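A.B. asks: The residues making up each chain are set out below.
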Amino acid sequence: MVTVDATWVLHGLAGGVIIGLASGMLLLVSGRIAGITGIIGGVLVPTPGEWSWRLAFIGGMLAGGAVVLWFAPVAFAVTVPRSLGLFALGGALVGVGTRMANGCTSGHGVCGVGRLSPRSLVAAAVFTTCGALAVAALRML
Amino acid sequence: MKHGVVFVAGFLFSIGLGVGGMTQPARIIGFLDVTGRWDPTLLFVILGAVATYAVAYAVARRRPRPLVAPGFVLPAPRRVDAPLVVGSALFGTGWGIAGFCPGPGVTALVSLKPQVLAFLGPMLLGIALYEGLPLWLTHRRNRRRAREAVSADPGLVDG
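Chains as they are written, first to last, in my numbering: chain A, 1 to 141; chain B, 1 to 159.
Note that these hints are calculated values from the structure, not bench results. Certain hints may be false.
To be verified - Chain B regions said to be covered by chain A (calculated; three or more residues, Cβ under 8 Å): (1) 44 to 56; (2) 111 to 117; (3) 129 to 143.
What the hints assert, rightly or not - Label-pair restraints from in silico Cβ distances: (4) Asp5(A) to Arg62(B): 21 to 29 Å; (5) Ala51(B) to Gly85(A): 34 to 42 Å; (6) Leu84(A) to Arg37(B): 21 to 29 Å; (7) Gly155(B) to Leu121(A): 56 to 64 Å.
Just so it is clear, the structure is predicted and the values come from calculations on it, not from any experiment. No residue lacks a Cβ here, since even glycine has one placed at the ideal position from N, Cα and C.
For reference, chain B alone in the conformation it holds in the complex:
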């Protein structure tokens, strides 16, 4: 039942992106095009979204737990750090180049347009590598250390 509600949330999210024109790169680039003919649509999308979410957040804060899940899973408070700034700079640059960001990219996937696929492939690869590579390297290092420990002291295997 919980996954049904989550599915509906995802569904509405895409509808919102479509209604707001966020799946058209021309609108995104138009918004970021401060030197040219400016398209303010994204600003109004953000205003509508932030205002609505702020209300939802205020309601959520008063509750001890969500409606279905056992607890809230919010990001731990962290200081502004280099990965945040550098990462945002990289993201913003890519956003201005492509006119897509992750949400609209996923929503637009069903259109199977070559530009969307050209954007999404490297994006998914980038996410998977950034998330998965450190894990895989750690896993390999742990296995290597275990092998070295056993070869130095074969008795460990029976331990």
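The shape of chain A in the complex, shown without the other chains:
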């Protein structure tokens, strides 16, 4: 169980602002959308000129992850009642679904919603609803 209290409102806002700054940086400097699945896709199935900046971004993400691990390993606590098989199933659905939708919580949820893209607003509504349904369904099992 993770703690849910007022300080996490501040944590959430602070984390969100940092994410917004990072995404904004990518846009203003490189002119790109900070959509993680698009970035990963362009590294796994590379086209010339499109993969090196993506690799740099992912490299940065991994370095950031290492810093988080060093200073606050509790950030990676996994305390949910899910088997490894369910994590794998979830991963497969996330991998295929995000590419089909051409975006995930970062691409659609932050960047798309941030510029009021109708596609992204629809995507965010659909994936949030389905997420809630999946959680509710697993609770009942």
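On the provided structure of chain A, position chain B as indicated by the hints.
C.D. replies: Chain B only, in chain A's frame:
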């Protein structure tokens, strides 16, 4: 120099996810758990992120080009279509099952936790297959057609 800035952007992105608690599946599932004890953290992360990004986007719109790259590469305007809706439904379902989405998954990779690896492996495979399979099938079809054209008219080879 440009890649250095991009690296920093990726670095900050992970820091933001960590600070915001988004790398803890319990917080994601807690947010999606509308029938149970609700965890609002993700809502505040989104609020902070969207508000900040909206400002950055407004600034970017006024500029003819980015600071370093030759131009903006934004998604072409498209209508809401079936792949968007179906894909989002699949993604959302997987998100609710695992409590991870792609960003936090990558950030958490360094922890080498079995749950993270169990999530990331199939996720990367799914992305690679979805992106790469159509390309590979097209490549194979083109090669087969080229072979058939040559065997029907061997003179083509010298052409």
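A.B. asks: Does each hint hold? Answer for all of them.
C.D. replies: Hint check results:
A stretch counts as covered by a chain when three or more of its residues have a beta carbon under 8 Å from one of that chain; for the segment 44 to 56 of chain B and chain A the count is 13, and the coverage holds. Restraint check on the segment 111 to 117 of chain B versus chain A: 5 residues with Cβ-Cβ distances below 8 Å, three needed, restraint holds. Counting residues of the segment 129 to 143 of chain B whose CB lies closer than 8 Å to any CB of chain A gives 5, so the stated coverage by that chain holds, three being the minimum. Our hint of 21 to 29 Å for Asp5(A) and Arg62(B) is violated, since their Cβ atoms are close to 40 Å apart.
For Ala51(B) paired with Gly85(A), a C-beta distance near 38 Å keeps the hint of 34 to 42 Å intact. Our hint of 21 to 29 Å for Leu84(A) and Arg37(B) holds, since their Cβ atoms are close to 25 Å apart. For the pair Gly155(B) and Leu121(A), the beta carbons lie near 57 Å from each other, so the given range of 56 to 64 Å is met.
Hint check: a violation occurs at hint 4 only; the rest are consistent with the structure.
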